[in-house]
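Modelling step: build the complete structure from the supplied sequences, incorporating the hints.
For reference, each letter of the sequence shown is one residue, going 580 to 801 in the numbering used here.
Incorrect hints may have been included.
Calculated lysine-lysine pairs in the BS3-like style (CA-CA distance at most 27 Å, straight line) [said to hold, decoys possible]: (1) 787 x 797; (2) 784 x 797; (3) 683 x 607; (4) 787 x 587.
Derived DEER-like restraints, expressed as beta-carbon distance ranges [unchecked claim]: (5) 612 x 731: 42 to 48 Å; (6) 784 x 641: 21 to 27 Å; (7) 695 x 791: 50 to 56 Å; (8) 726 x 687: 31 to 37 Å; (9) 792 x 607: 37 to 43 Å; (10) 692 x 734: 40 to 46 Å; (11) 737 x 791: 22 to 28 Å; (12) 688 x 731: 40 to 46 Å; (13) 687 x 646: 41 to 47 Å; (14) 728 x 616: 35 to 41 Å; (15) 744 x 654: 14 to 20 Å; (16) 653 x 605: 35 to 41 Å; (17) 601 x 695: 37 to 43 Å; (18) 638 x 703: 50 to 56 Å.
Honestly, the hints are just simulated from the structure, not real lab data.
From the three backbone atoms N, C-alpha and C, an ideal C-beta is built for every residue, glycine too.
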Amino acid sequence: MIIAVTNKQRRQAVLVLAIALLLAILVKLNFIIPVALDGWMHSWFNSFQSNFGDVIMTIATFLGNPVVDIVYTLILAGVLILARLRIPAVWAIITLLTGDIVLKIIQFLIQRSRPVGHLIGDSSPAFPSGHVFGLFVVIFIVSILIIPNINNIAIQFTIQWAAFLIGGLTLMSRIYFNANFFSDTIAAILFAYAWVVFAATCYAKLAKYLKARIPFFKYDEI
Numbered sequence: 580m581i582i583a584v585t586n587k588q589r590r591q592a593v594l595v596l597a598i599a600l601l602l603a604i605l606v607k608l609n610f611i612i613p614v615a616l617d618g619w620m621h622s623w624f625n626s627f628q629s630n631f632g633d634v635i636m637t638i639a640t641f642l643g644n645p646v647v648d649i650v651y652t653l654i655l656a657g658v659l660i661l662a663r664l665r666i667p668a669v670w671a672i673i674t675l676l677t678g679d680i681v682l683k684i685i686q687f688l689i690q691r692s693r694p695v696g697h698l699i700g701d702s703s704p705a706f707p708s709g710h711v712f713g714l715f716v717v718i719f720i721v722s723i724l725i726i727p728n729i730n731n732i733a734i735q736f737t738i739q740w741a742a743f744l745i746g747g748l749t750l751m752s753r754i755y756f757n758a759n760f761f762s763d764t765i766a767a768i769l770f771a772y773a774w775v776v777f778a779a780t781c782y783a784k785l786a787k788y789l790k791a792r793i794p795f796f797k798y799d800e801i
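Right, dumping it as structure tokens:
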């Protein structure tokens, strides 16, 4: 299988999902621990605002925009299709789109308001962060699908480092622009990891189904 996860990754996914759900409950109940930390982080980031910071964080926010996440995934799918890996390409697109649906459900259930002073365009519920979730779904897809199939360690490290640098900057930008609280961004990463590992666990069934039921994929490598 081109896409596979280990038992260790599955255990990690269950653990991070449990932590994310616990965090969601604490946020929903307005419990003091995440709320106090969120307030402190919010004030700390506001103390570093500057014109240069505005430029960097604006770029970071753009790179993590949900629409841009779709573009990343389509580009990745295009590369996979050119490499005659159409089923992994379909899996990557499905993983992002279904993940966004799960995200919307969680946001609807928690209904957390955004911090005071957020941008007008940020009107959806804050928990978990949509920007951070979508971008890290893409990052974890790359980590599971692309990185293991690259033989050059230096290239592996460069791609991984660049991906997590962009992810980290996007996370900071959401707090910097008062779009999300710190716990919103952390929960988004946890949910993203759990979702991608779950999707990767389901990959074998998806691949076999496509090969068996759709002639277009009959001779594709899985």
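Each hint tested on the structure:
1. 787 x 797: holds, 9 Å
2. 784 x 797: Answer holds: residue 784 to residue 797 is near 14 Å, not above 27 Å.
3. 683 x 607: holds, 15 Å
4. 787 x 587: holds, 24 Å
5. 612 x 731: 42 to 48 Å: Holds, at about 43 Å.
6. 784 x 641: 21 to 27 Å: violated, 36 Å
7. 695 x 791: 50 to 56 Å: This hint holds: roughly 54 Å between Cβ atoms.
8. 726 x 687: 31 to 37 Å: 33 Å Cβ-Cβ, so the 31 to 37 Å window holds.
9. 792 x 607: 37 to 43 Å: holds, 41 Å
10. 692 x 734: 40 to 46 Å: Given a distance of about 43 Å, which is inside 40 to 46 Å, the answer is holds.
11. 737 x 791: 22 to 28 Å: Distance hint for residue 737, residue 791 is violated at roughly 38 Å.
12. 688 x 731: 40 to 46 Å: holds, 43 Å
13. 687 x 646: 41 to 47 Å: About 21 Å separates the Cβ atoms of residue 687 and residue 646, which means 41 to 47 Å is violated.
14. 728 x 616: 35 to 41 Å: holds, 39 Å
15. 744 x 654: 14 to 20 Å: holds, 18 Å
16. 653 x 605: 35 to 41 Å: Taking Cβ atoms as reference, residue 653 and residue 605 lie about 36 Å apart, which means the hint holds.
17. 601 x 695: 37 to 43 Å: violated, 26 Å
18. 638 x 703: 50 to 56 Å: violated, 22 Å
Hints 6, 11, 13, 17, 18 from the earlier list are contradicted by this structure; the remaining hints agree with it.
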